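K.L.:
Sequence:
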Amino acid sequence: MQLTLLKGKIHRATVTHAELHYEGSCAIDGRLLDIAGIREYERIDIYDVTSGERYSTYAIRGEEGSGVISVNGAAAHKSQVGNLVIICAYVQCDEAEAAAHKPVCVYVDRENRLTHTNHSMPKQAA
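Heads up: the sequence shown at position 106 corresponds to 449 in this note's numbering, and the numbers run straight through without jumps.
Quick caveat, the hints were computed from the structure, so don't treat them as lab data.
It is possible that some hints are incorrect.
Listed below are the simulated BS3-like cross-link pairs for lysine-lysine, each with C-alpha atoms no more than 27 Å apart in a straight line [said to hold, decoys possible]:
| # | residue 1 | residue 2 |
| --- | --- | --- |
| 1 | Lys350 | Lys421 |
| 2 | Lys350 | Lys445 |
| 3 | Lys466 | Lys445 |
FRET-style restraints, in silico, Cβ to Cβ [what the hints assert, rightly or not]:
| # | residue 1 | residue 2 | range |
| --- | --- | --- | --- |
| 4 | Leu346 | Gly408 | 29 to 37 Å |
| 5 | Glu406 | Ala442 | 36 to 44 Å |
| 6 | Ser409 | Ala443 | 30 to 38 Å |
Computed from a predicted model, the values in this text were never measured in an experiment.
C-beta: ideal position from N, C-alpha, C; glycine also.
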């Protein structure tokens, strides 16, 4: 059996650009991609905390250290500049791989600068 698990995420990043007439995809600061373990052209899901929109696209590499999060093409209708988003990539694992799997969670500030990373989610209180 194959399971789909969170591979890596960039948590609460700020959208810096929304380019409707770009070819598509989401440009992400290359440093953040590397830290999160997200590859260029990999499928990503974007969860817009501000608007409530959820959509899929693929990652393209932005300039390292730039803080860029640019939603492009049709996605520019779903997320606007200044919106907070969670960007996730997933991985397929078998049961044995899943038992040892730990996602990479990347946390950023309002300028999309790395604040810290984690390999687990905090427990949610009841």
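K.L.:
It remains to establish, for every hint, whether it holds in the given structure.
P.N.:
Tested hints:
Between Lys350 and Lys421 the CA atoms are separated by roughly 24 Å; this keeps the pair inside 27 Å, and the hint holds. About 8 Å separates the Cα atoms of Lys350 and Lys445, which keeps this hinted pair within 27 Å; it holds. For the hint linking Lys466 to Lys445, the alpha-carbon distance of about 15 Å falls within 27 Å, and the restraint holds. For the pair Leu346 and Gly408, the supplied restraint of 29 to 37 Å holds, since their beta-carbon distance comes to about 34 Å.
Take Glu406 and Ala442: their Cβ atoms lie about 38 Å apart, and the range 36 to 44 Å holds. A beta carbon spacing of about 34 Å between Ser409 and Ala443 agrees with the range 30 to 38 Å that was offered as a hint.
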